[in-house]
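Protein chains: 2
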Amino acid sequence: MQHGATTGSRHYGNSSTIHIENFALPVTESPKPKPDALPLGFQYSGTTCGIKDSGKPDIALITSDVPAVAAGVYTQNIVRAASIDWNRQVTPTDHLKAIIINSGNANACTGDQGSRNNQQMAYQTANALNDNPGNICIMSTGIIGQQLPMKCIEKGIVQASERLGSTVADFESASEAILTTDKGTKTAFRSFEYQGETVRLAGMAKGAGMIGPNMATMLGIVTTDMTLTPPVAQEILKRVADKSFNCISVEGHTSTNDALVLLANGLSPSPVKHWQAIQLFTDALTELCIELATQIPADGEGASHLVEICVSGAACDQDADIVARAVAMSNLVKTAIAGADPNWGRITSATGLTSVQFPIKQLCVAINTVSIFESGQPVEFDAASLSKSMAENFRTCLDIKIGGGPGLATHWTSDLTTDYVKFNSEYST
Amino acid sequence: MQHGATTGSRHYGNSSTIHIENFALPVTESPKPKPDALPLGFQYSGTTCGIKDSGKPDIALITSDVPAVAAGVYTQNIVRAASIDWNRQVTPTDHLKAIIINSGNANACTGDQGSRNNQQMAYQTANALNDNPGNICIMSTGIIGQQLPMKCIEKGIVQASERLGSTVADFESASEAILTTDKGTKTAFRSFEYQGETVRLAGMAKGAGMIGPNMATMLGIVTTDMTLTPPVAQEILKRVADKSFNCISVEGHTSTNDALVLLANGLSPSPVKHWQAIQLFTDALTELCIELATQIPADGEGASHLVEICVSGAACDQDADIVARAVAMSNLVKTAIAGADPNWGRITSATGLTSVQFPIKQLCVAINTVSIFESGQPVEFDAASLSKSMAENFRTCLDIKIGGGPGLATHWTSDLTTDYVKFNSEYST
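Listed in order, the protein sequences are those of chains W and X.
Sequential numbering of the first sequence, starting at 654, is according to the numbering used here.
Sequential numbering of the second sequence, starting at 654, is according to the numbering used here.
Note that these hints are calculated values from the structure, not bench results.
All values reported here derive from a predicted model rather than from experimental measurement.
Any given hint could be a false lead.
Copies of the same chain look alike in the list, so a pair counts if it fits in one copy or across any two.
Capping the alpha-carbon separation at 20 Å, the derived lysine to aspartate or glutamate pairs in EDC-like fashion look like this [unchecked claim]: (1) Lys1075 to Glu1045; (2) Lys1014 to Asp765; (3) Lys1014 to Asp738; (4) Lys836 to Asp706; (5) Lys808 to Asp706.
Start from the sequences, fold in the hints, and give me the full structure.
Below you can see the structure in the form of structure tokens.
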């Protein structure tokens, strides 16, 4: 059985290789970026306008010095916020100016008034930046079912526009202002060289299980000085999201407000129209988005393990994805991992739940590279020692091989602990 | 908004009406059947042969005095036991003689030796009954990945065949011997009159969340003296399973061994070939199977609530089913109910998760008949009083209306408590 190594390289699709060992986990603090880590020609700010009772920052603004290409992927949930419908009309585009983000109130389930308030945010941001409302993306996260405090928002937008800057501190200020229940900021940076010039990518995200009546909204924003066309940007972002943000789950709910937006302003001097540059960019974006995305289940409320589920041997990547998702969603698997129990029965049963057909005689399972199930039957292994390694490591890696095909997928989830249930059942609206 | 009443009648499909108030819940003890509740011409026994370390009964045998029509529905899990493959070949049929059931060992993930042992059980039962192995159904439930103790099994089959009887005590003895982690037996009875004659149905089931390395296997057996042909029996059983056993979930895992078998021996003197009799039978079987099936989440390890999810207003029953299933699988909804929290945000978000399209402006939600969300927005309600009613009642009813269509579905699940997680994470293989 060929197990994907837990600390080695892993293939995503046919082209890119992700070095899992680069990911520092558990993530309590994001890596400090170097001063030259930020892409050229973007400005960032974060400020406090009073949406949150806690008094924490709640408005972030990200602008490009020149009209930028923008692409977006958004929640598929039918119950969605006004901002999602707005952004779907605005992206993809080749002339986005800014993204305005408020935290503390998701402006979801707020009816026609909510739609008007969302539009108002675009107009206020456009006014502050002397631009067009159609060039503004909007993100909201926080409590649902309550109208936005528009006076606070208006004040916050003006403040944020006055504080824009291009330093690492400005970037971090914005990344802090988008948080809700997150224990800390979630950022990631990548760059690559092409024909002697540097292309930079910088990402920030929020999301950490759910709280209160608001859902576990996942927001992600990536800025880059790469040159892209809108259709190429959209296609790349969709593919990368399918390998990263769409492969994580805490409770399997998509939220009313989930959004991932890519801004590419083309200000790197790199000659980037060649397909090789596109490939290098796609690889860098994939790495960056996986690093951002895996910080979300790692920060799950009450999570004691990040669970990495690698399915191989499927007929195609899509089949592997379906199986990996079923295992990631299994409460039986998630409680077993919380208890450091190398329970092959729960894992194999979850593997067989879906419509994906495979010969049971080819099914193999390993946990943290220790083989526990081969060719359809359990094998002898040192359960005490494996359980100890599961208990001691924050990450648990499940390698599941379902046949001899080329299909691969990796999903990430958090385990299911009594703390998770306590947190989610003791809250009262 | 037309809420299904929580204690009134509810429609399943176009024809049958289920009286929910007939269902005594929480189920700690099954109702004691009257002496004449059992269908004519069946015999039952339960015995102890030493499969279980606990010394509890572990072999059950059910026989028909004449060759019976049999139909079966089985787990769709790819990781399945040898008994499932065997039964798929044996049913539907018009000449089944017996069902042999062992508890304590599921004979799953046991390879070729497991298949040989399963076949051996059929031969041993056929020997004991002086019949043909092809006329025997086999069910196994319990630990997986271990070979059956065939000497115990052989002894148990002989004992069980010697103890067969047709009294209520014999029926109960069999219903006890199929249990694993269940807190008590799960039985249900129905009868109807047609043209002055009585047709009787008797059902037993097991299943109660999961334990150990064995899954939450659900077994169900229904005996009836109704006259049916094999294709009609199979069609009815499939439809009824889709409204009952396929609408319950504790952790959403199908098991390696799930099986529901109907035995119809035609010994009632009722002239039952008319379509009206078939309809009366289908209604009775639906009621019986819902009563059996809902005892499973009610007995879920650590469950503090039985959650009933009624989705209406969908374009078709299938759409309603998809939405109800998504809500039943949501950990966020299940933890909210454990905490007696009338959390419309989590319910509406779970409702919007699937591929089923509906206008958000038509979405309405009620808990225990109290409306909390109407036309896409939260409404004012007495949260403290509703929370109190949720805390005090074992059953929580969610009524979710997603439009104006005729599609309906009801699902049942257990809530998600810290006890559930404790139980499922503290066990170690």
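Checked hints:
1. When the C-alpha separation of Lys1075 and Glu1045 is checked against a cutoff of 20 Å, the pair qualifies only between copies, where the shortest distance is 19 Å, while the shortest distance within a copy is 23 Å.
2. Only between protomers do Lys1014 and Asp765 lie at most 20 Å apart by alpha-carbon distance; the minimum there is 10 Å, versus 56 Å within a single protomer.
3. For the identical chains of this complex, Lys1014 and Asp738 are inter-copy neighbours only, at 15 Å across copies versus 47 Å inside a copy, given an alpha-carbon limit of 20 Å.
4. In this assembly of identical chains, Lys836 and Asp706 lie within 20 Å of each other by CA distance solely inside one copy; the values are 17 Å within and 47 Å between copies.
5. When the C-alpha separation of Lys808 and Asp706 is checked against a cutoff of 20 Å, the pair qualifies only within one copy, where the shortest distance is 16 Å, while the shortest distance between copies is 70 Å.
Comparing the model with each earlier hint shows no violations; every hint is respected.
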